[in-house]
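A.B. asks: First residue of the sequence shown? That's 367 in this note's numbering, and the numbers climb one at a time after it.
Be aware that a few hints might be false.
[Stated by the list, open to error] Calculated pairs, EDC-like style, for lysine to aspartate or glutamate (alpha carbon to alpha carbon, straight line, at most 20 Å):
#, residue 1, residue 2
1, K920, E849
2, K905, E760
3, K904, D713
4, K890, E923
5, K721, E765
6, K697, E760
7, K881, E844
None of these hints come from the bench; they were simulated from the model.
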Amino acid sequence: MDTTGPAAGSLPGKDMISVESPSPDHENREFILFRKVQGAMRHIPDFSETCKAILNAVMDEMEAENCSVMLQDPGSGELSVLAARGKGEKSSVYYSDSSYKGGHFKPGEGIAGWVLKEGQAMMVNDVKDEPRFVSVKEGLNPKVRSLICFPIREKDQVVGVFNLSHSRKGAFDEGKKMALSYISTQMGAALNSARFFLKIRDMNRFLKNAGEGSTRPISPPASSSPSSTFVEVGEMMTQDSGIFLYASEKMHRVKGMIDQVANTDVTIFIRGESGVGKEVVARSIHQNSVRRDKPFVKVNCAALPQELLESELFGYEKGAFTGAYRQKPGKFELAHGGTIFLDEIGDISPSLQAKLLQVLQDREFSRLGGKKDVKVDVRVLVATNRNIEEAVLEGRFREDLYYRLNVVNISIPPLRERREEIPLFMEYFLNKFVQKYQKKPKSAGEALMKAFMAHSWPGNIRELQNVIQRYVVLDNEEEIIGELGGLTKEEEIPPDPRKETPLLPDQPSLKQVNKDAARRAEAKIIMKALEMTHFNRKKASQLLNVSYKSLLYKIKECGLQKYLRSKGP
Numbered sequence: 367m368d369t370t371g372p373a374a375g376s377l378p379g380k381d382m383i384s385v386e387s388p389s390p391d392h393e394n395r396e397f398i399l400f401r402k403v404q405g406a407m408r409h410i411p412d413f414s415e416t417c418k419a420i421l422n423a424v425m426d427e428m429e430a431e432n433c434s435v436m437l438q439d440p441g442s443g444e445l446s447v448l449a450a451r452g453k454g455e456k457s458s459v460y461y462s463d464s465s466y467k468g469g470h471f472k473p474g475e476g477i478a479g480w481v482l483k484e485g486q487a488m489m490v491n492d493v494k495d496e497p498r499f500v501s502v503k504e505g506l507n508p509k510v511r512s513l514i515c516f517p518i519r520e521k522d523q524v525v526g527v528f529n530l531s532h533s534r535k536g537a538f539d540e541g542k543k544m545a546l547s548y549i550s551t552q553m554g555a556a557l558n559s560a561r562f563f564l565k566i567r568d569m570n571r572f573l574k575n576a577g578e579g580s581t582r583p584i585s586p587p588a589s590s591s592p593s594s595t596f597v598e599v600g601e602m603m604t605q606d607s608g609i610f611l612y613a614s615e616k617m618h619r620v621k622g623m624i625d626q627v628a629n630t631d632v633t634i635f636i637r638g639e640s641g642v643g644k645e646v647v648a649r650s651i652h653q654n655s656v657r658r659d660k661p662f663v664k665v666n667c668a669a670l671p672q673e674l675l676e677s678e679l680f681g682y683e684k685g686a687f688t689g690a691y692r693q694k695p696g697k698f699e700l701a702h703g704g705t706i707f708l709d710e711i712g713d714i715s716p717s718l719q720a721k722l723l724q725v726l727q728d729r730e731f732s733r734l735g736g737k738k739d740v741k742v743d744v745r746v747l748v749a750t751n752r753n754i755e756e757a758v759l760e761g762r763f764r765e766d767l768y769y770r771l772n773v774v775n776i777s778i779p780p781l782r783e784r785r786e787e788i789p790l791f792m793e794y795f796l797n798k799f800v801q802k803y804q805k806k807p808k809s810a811g812e813a814l815m816k817a818f819m820a821h822s823w824p825g826n827i828r829e830l831q832n833v834i835q836r837y838v839v840l841d842n843e844e845e846i847i848g849e850l851g852g853l854t855k856e857e858e859i860p861p862d863p864r865k866e867t868p869l870l871p872d873q874p875s876l877k878q879v880n881k882d883a884a885r886r887a888e889a890k891i892i893m894k895a896l897e898m899t900h901f902n903r904k905k906a907s908q909l910l911n912v913s914y915k916s917l918l919y920k921i922k923e924c925g926l927q928k929y930l931r932s933k934g935p
């Protein structure tokens with residue numbers, strides 16, 4: 367064993383690639399490893415079974431002699447082994463009830479402690495050259511020469527480490543480190559999901575107290591059951607579960623549509639403003655389908671440069687470009703048998719749109735630099751917050767691709783159109799952040815509740831979550847109300863900016879006067895730009911030197927939509 371416990375392992379980072387010549391079956395084993403790790407997630411919320419299944423997958427498909435998972439004790443702050451497996455063992459061992467009697471590490475102590483403290487992965491090709499490697503009497507394997515130690519994160523906090531070790535010097539490379547980065551992410555998601563399910567009873571309590579006739583108690587989804595166990599929402603509560611809340615008639619209709627299309631293979635177009643919960647709907651469709659035990663792969667098409675997005679989606683062959691030292695499967699291949707979710711689909715380039723159209727039509731494609739087609743069985747879900755019809759008219763989005771994607775259309779209403787759900791979300795996020803930051807339990811006062819109910823929520827549930835988080839951390843109700851006031855109440859939206867109407871409040875504060883004056887000035891400038899461009903919002907955004915999305919937000923914030931209903935795009 368190494369200093370990290372009875373086994374040493376970890377997971378790394380970003381876009382590293384293997385530099386050593388792989389064996390003939392290396393690529394296939396890596397693909398099988400990812401599939402096995404995905405399959406291990408079906409054990410959620412049983413974290414012990416999930417953990418053991420992931421360790422078994424690593425030991426079966428990677429060249430390692432020991433692997434282990436170590437978690438930090440919330441009381442002492444020390445690391446100890448939770449699960450481990452050695453080369454000669456047939457299955458992983460899970461140490462429940464602190465039954466492990468081996469070494470423990472304080473933050474900063476040894477390699478495992480350093481990774482826990484710094485939150486950075488470490489790969490050591492020879493522990494003899496690493497001063498942070500310390501001897502531990504209990505369970506130490508004196509033959510350990512190579513190791514990888516990678517942090518396990520639950521949300522944004524490092525809560526443990528994943529370890530791999532080997533007696534051979536230089537046994538690990540950047541390719542294995544890259545694979546382990548994915549595995550550690552899945553381990554953190556499994557831990558987070560397991561802890562979430564322990565809170566189900568508390569969730570049922572406040573749902574019952576909410577008094578909404580359309581709400582139903584939450585039940586953990588059993589992977590073996592074909593029936594739906596979803597409670598709708600617009601905010602993803604766990605990384606890989608399909609649970610979400612709802613209390614409105616509009617979201618009830620969305621849920622009904624999900625139930626209708628889940629067990630089909632039709633392509634689904636999910637629409638809605640930023641933050642309404644489009645990913646939630648996509649995940650629930652997958653979890654309610656016959657593909658629930660297969661991979662769910664999400665790709666944010668706006669997060670990567672277009673020249674990199676193609677290789678991310680379709681993969682590449684060895685030698686396809688400088689730095690392509692090995693073949694890499696794309697997201698479509700990784701999603702084989704399951705579901706791929708393409709978020710922000712309106713941001714892909716025309717050349718990539720043509721290749722995506724081929725995949726949708728024939729379910730086959732070629733890797734970057736490849737000469738043969740790859741066939742896949744995958745369900746495609748797409749989402750956008752853009753006006754795709756407008757993009758089609760302007761020639762920025764292929765019309766044939768639009769019709770191919772728009773088989774079934776699901777529109778998620780913004781939060782301002784389902785205000786009855788605001789108290790439900792407030793209660794949930796208050797409980798969540800009070801526990802996360804170990805604050806004194808609190809409830810929303812009448813004044814705060816009125817401010818939340820009056821706010822227009824342009825950022826939808828994501829914005830509401832952030833405001834609640836700020837409220838719990840700062841514990842200043844007046845400041846939160848002040849931030850929401852003046853931008854939220856419909857009666858405070860300025861009149862027609864083309865008419866000069868003086869602002870005459872009874873007792874204006876300097877802060878409020880400044881906000882109103884700035885907003886009125888912005889509204890007047892925006893309206894002038896729109897008139898100059900014959901109400902073409904895209905041209906107006908260019909004239910004002912702001913992004914199209916920013917202009918739409920400002921139009922909504924300033925209450926100018928009513929002047930644009932009969933105008934141009």
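A.B. asks: Please go over all the hints and tell whether each is borne out by the structure.
C.D. replies: Results of checking the hints against the structure:
1. K920 x E849: holds, 17 Å
2. K905 x E760: Holds, because 12 Å separates the two Cα atoms, which is no more than 20 Å.
3. K904 x D713: Holds: K904 and D713 sit about 15 Å apart, inside 20 Å.
4. K890 x E923: holds, 13 Å
5. K721 x E765: Since the Cα atoms of K721 and E765 sit roughly 14 Å apart, the hinted pair holds (cutoff 20 Å).
6. K697 x E760: Roughly 29 Å separates the two Cα atoms, so the pair is violated.
7. K881 x E844: Since the Cα atoms of K881 and E844 sit roughly 17 Å apart, the hinted pair holds (cutoff 20 Å).
Violated hints amount to a single one, hint 6; each of the other numbered hints is respected by the structure.
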